[in-house]
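Q: Work out the full structure, taking the sequences as your base and the hints as a guide.
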Amino acid sequence: MIRKTSLFLFGLLFSAISLYSQADSTKYGHMNLGNLLDELPETAKAEATLRVFADSLNQKDSVLTMAFQEAYLQLKKEYDEGGLTQVQVQERQLALEKQRQDIQKYEEEAQALLDTKRQELLAPILKRIDDAIKAVAKDNGLLMIFDVSSGSMLFAAETIDVTSLVKTKLGI
Numbered sequence: 001m002i003r004k005t006s007l008f009l010f011g012l013l014f015s016a017i018s019l020y021s022q023a024d025s026t027k028y029g030h031m032n033l034g035n036l037l038d039e040l041p042e043t044a045k046a047e048a049t050l051r052v053f054a055d056s057l058n059q060k061d062s063v064l065t066m067a068f069q070e071a072y073l074q075l076k077k078e079y080d081e082g083g084l085t086q087v088q089v090q091e092r093q094l095a096l097e098k099q100r101q102d103i104q105k106y107e108e109e110a111q112a113l114l115d116t117k118r119q120e121l122l123a124p125i126l127k128r129i130d131d132a133i134k135a136v137a138k139d140n141g142l143l144m145i146f147d148v149s150s151g152s153m154l155f156a157a158e159t160i161d162v163t164s165l166v167k168t169k170l171g172i
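The numbers in this note's numbering rise by one with no breaks, and the one at position 113 of the sequence shown is 113.
Incorrect hints may have been included.
Subject to a maximum C-alpha distance of 20 Å in a straight line, what follows is the list of computed PhoX-like cross-link-like pairs (lysine-lysine) [what the hints assert, rightly or not]: (1) Lys167 / Lys45; (2) Lys27 / Lys134; (3) Lys27 / Lys138; (4) Lys45 / Lys127; (5) Lys167 / Lys138; (6) Lys167 / Lys127; (7) Lys60 / Lys105; (8) Lys138 / Lys117; (9) Lys98 / Lys134; (10) Lys117 / Lys60; (11) Lys117 / Lys105; (12) Lys98 / Lys76; (13) Lys127 / Lys169; (14) Lys134 / Lys169; (15) Lys127 / Lys117; (16) Lys134 / Lys117; (17) Lys45 / Lys117; (18) Lys60 / Lys98.
Restraint-style ranges between C-beta atoms, simulated for each label pair [what the hints assert, rightly or not]: (19) Glu47 / Ser164: 22 to 28 Å; (20) Ala48 / Asp131: 19 to 25 Å; (21) Ala95 / Lys127: 44 to 50 Å; (22) Met144 / Thr65: 45 to 51 Å; (23) Gly82 / Glu47: 49 to 55 Å; (24) Asp131 / Asp102: 40 to 46 Å; (25) Lys127 / Arg100: 37 to 43 Å; (26) Val52 / Lys98: 38 to 44 Å; (27) Asn35 / Met66: 39 to 45 Å; (28) Leu94 / Asp131: 52 to 58 Å; (29) Gly171 / Glu97: 51 to 57 Å.
Because the hints were derived from the structure by calculation, they are not lab data. Backbone N, C-alpha and C fix where the C-beta goes; we use that ideal spot for every residue, glycine too.
A: Here is the structure:
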């Protein structure tokens, strides 16, 4: 019985030492993905393309908003002058409300289009970065690489900053 207990304790101690040595040799890395994105020329090009696209969407929104404001001011002027019946006022108010709803619908659609365009432009950039990160992790035997730009890491003293290695893989 003592022998079985001794063997069990020895096995448990050996397992603990083995786990400790494995944990000690595990390597972690960290980088700032946000800063890396800012440094890539492809990101600047994508942002410029996105700005042009957003400007075109905003231009149409401005036209719709100005038309609404003009219709409102015209209604107010005619109402103040007493040139409209109550029925005409109600009809014009309903038309203005529909115009306002159309503007709101357009703004929601424009935001969805902008989000889709952003994802479309960033997808190949993020794929390239992801491939470089995986290559750096493999080349350096890293178990995990953390992105400190997302605020998910509060302490990084014992990790390796792999940003420069990823930049090298990306050729920047």
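Q: So, for every hint listed, does it hold in this structure?
A: Here is how each hint holds up against the structure:
no.	hint	in the structure
1	Lys167 / Lys45	18 Å, holds
2	Lys27 / Lys134	14 Å, holds
3	Lys27 / Lys138	11 Å, holds
4	Lys45 / Lys127	16 Å, holds
5	Lys167 / Lys138	15 Å, holds
6	Lys167 / Lys127	14 Å, holds
7	Lys60 / Lys105	13 Å, holds
8	Lys138 / Lys117	32 Å, violated
9	Lys98 / Lys134	52 Å, violated
10	Lys117 / Lys60	17 Å, holds
11	Lys117 / Lys105	18 Å, holds
12	Lys98 / Lys76	17 Å, holds
13	Lys127 / Lys169	13 Å, holds
14	Lys134 / Lys169	10 Å, holds
15	Lys127 / Lys117	16 Å, holds
16	Lys134 / Lys117	26 Å, violated
17	Lys45 / Lys117	13 Å, holds
18	Lys60 / Lys98	17 Å, holds
19	Glu47 / Ser164: 22 to 28 Å	23 Å, holds
20	Ala48 / Asp131: 19 to 25 Å	24 Å, holds
21	Ala95 / Lys127: 44 to 50 Å	48 Å, holds
22	Met144 / Thr65: 45 to 51 Å	49 Å, holds
23	Gly82 / Glu47: 49 to 55 Å	53 Å, holds
24	Asp131 / Asp102: 40 to 46 Å	44 Å, holds
25	Lys127 / Arg100: 37 to 43 Å	41 Å, holds
26	Val52 / Lys98: 38 to 44 Å	31 Å, violated
27	Asn35 / Met66: 39 to 45 Å	40 Å, holds
28	Leu94 / Asp131: 52 to 58 Å	56 Å, holds
29	Gly171 / Glu97: 51 to 57 Å	56 Å, holds
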